[in-house]
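Turn these sequences into a full structure, and let the hints guide you.
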Amino acid sequence: DTAVSQTPKYLVTQMGNDKSIKCEQNLGHDTMYWYKQDSKKFLKIMFSYNNKELIINETVPNRFSPKSPDKAHLNLHINSLELGDSAVYFCASSQVKGGPNNEQFFGPGTRLTVL
Amino acid sequence: SQQGEEDPQALSIQEGENATMNCSYKTSINNLQWYRQNSGRGLVHLILIRSNEREKHSGRLRVTLDTSKKSSSLLITASRAADTASYFCATDFNNDMRFGAGTRLTVKP
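Sequence order for the protein chains is A and B.
If you're matching positions, the first sequence starts at 1 in our numbering and goes up one per residue.
If you're matching positions, the second sequence starts at 116 in our numbering and goes up one per residue.
Calculated directly from the structure, the hints in this document are not laboratory data.
Beta carbons are placed, not taken as given, at the ideal position from N, Cα and C, and that holds for glycine.
There could be a bad hint or two in this list.
Computed list of lysine-lysine pairs in BS3-like fashion (alpha-carbon distance at most 25 Å, straight line) [to be verified]: (1) Lys-41/A with Lys-185/B; (2) Lys-44/A with Lys-141/B; (3) Lys-36/A with Lys-67/A; (4) Lys-40/A with Lys-22/A; (5) Lys-184/B with Lys-44/A; (6) Lys-41/A with Lys-71/A; (7) Lys-41/A with Lys-141/B; (8) Lys-44/A with Lys-185/B; (9) Lys-223/B with Lys-36/A; (10) Lys-171/B with Lys-40/A; (11) Lys-22/A with Lys-9/A; (12) Lys-36/A with Lys-184/B; (13) Lys-41/A with Lys-223/B.
Restraint-style ranges between C-beta atoms, simulated for each label pair [stated by the list, open to error]: (14) Thr-179/B with Glu-82/A: 19 to 27 Å; (15) Thr-7/A with Arg-165/B: 29 to 37 Å; (16) Ile-55/A with Arg-195/B: 37 to 45 Å; (17) Gly-174/B with Ser-65/A: 40 to 48 Å; (18) Lys-41/A with Ala-196/B: 16 to 24 Å; (19) Thr-142/B with Ser-39/A: 24 to 32 Å; (20) Arg-111/A with His-172/B: 29 to 37 Å; (21) Thr-182/B with Thr-13/A: 42 to 50 Å.
Chain B regions said to be covered by chain A (calculated; three or more residues, Cβ under 8 Å) [claimed, not checked]: (22) 154 to 165; (23) 177 to 190.
Structure (structure tokens):
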């Protein structure tokens, strides 16, 4: 049983295109996240949603737009892709906000390559 | 913004040796967590230590936390080749979790 799943696993596209990455969790968690991991392996949070509401929005270009149709899904749409967007994008989820054990469960990642 | 900073950036040891990784942070925390990432995979949670705890054990893992120095360490005892991975510390404050850049551990058989 996959706890946090992402699709696609690999995404190769041209500059200027628009693409989406989907994330789903079957853990019943209320909070979901998107992270970007660059080539130096530094993991940076982009967005956090709690019960479909945006609670963290780091300094991310507005070409990136998260969408949460329900608390089990958090999709990431990227407009006008740029070379610098190439990275691995991870989705994660955690239990109710403020819980004592705020362990995050990560998806397998989506490797985005912009040519 | 980045919170935790791991040290060293890379560590190479022989199987059977102990591996120690350190993490320093700058602001308040509710808890600090350690994660492991195998190449090409997502992060996997290893252990959580709360801000009022000083030491925690889980199998071959031992984590310490010194809130006065804003630092934590992860010790892996009797390392195995399968422990080869990147290890990240993450600080959690009010459900806002921030990761460091990780320590790349290589355990040679």
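The hints, checked one at a time:
1. Lys-41/A with Lys-185/B: holds (23 Å)
2. Lys-44/A with Lys-141/B: holds (16 Å)
3. Lys-36/A with Lys-67/A: holds (16 Å)
4. Lys-40/A with Lys-22/A: Since the Cα atoms of Lys-40/A and Lys-22/A sit roughly 24 Å apart, the hinted pair holds (cutoff 25 Å).
5. Lys-184/B with Lys-44/A: holds (24 Å)
6. Lys-41/A with Lys-71/A: Violated, because 28 Å separates the two Cα atoms, which is more than 25 Å.
7. Lys-41/A with Lys-141/B: holds (21 Å)
8. Lys-44/A with Lys-185/B: holds (20 Å)
9. Lys-223/B with Lys-36/A: violated (30 Å)
10. Lys-171/B with Lys-40/A: Answer violated: Lys-171/B to Lys-40/A is near 30 Å, above 25 Å.
11. Lys-22/A with Lys-9/A: Given that 25 Å is the threshold and the Cα spacing comes to 10 Å, the pair holds.
12. Lys-36/A with Lys-184/B: Outside the cut-off at roughly 29 Å; violated.
13. Lys-41/A with Lys-223/B: holds (21 Å)
14. Thr-179/B with Glu-82/A: 19 to 27 Å: Hint violated: Cβ distance 42 Å, outside 19 to 27 Å.
15. Thr-7/A with Arg-165/B: 29 to 37 Å: Roughly 35 Å apart at Cβ, these two residues keep to the hinted range, so it holds.
16. Ile-55/A with Arg-195/B: 37 to 45 Å: Given about 39 Å between the Cβ atoms, the range holds.
17. Gly-174/B with Ser-65/A: 40 to 48 Å: holds (41 Å)
18. Lys-41/A with Ala-196/B: 16 to 24 Å: With a Cβ separation near 20 Å, Lys-41/A and Ala-196/B satisfy 16 to 24 Å, so the hint holds.
19. Thr-142/B with Ser-39/A: 24 to 32 Å: holds (27 Å)
20. Arg-111/A with His-172/B: 29 to 37 Å: holds (35 Å)
21. Thr-182/B with Thr-13/A: 42 to 50 Å: Distance hint for Thr-182/B, Thr-13/A holds at roughly 45 Å.
22. 154 to 165: This one holds; 8 residues, not fewer than the three required, reach chain A with a Cβ under 8 Å.
23. 177 to 190: violated (count 0)
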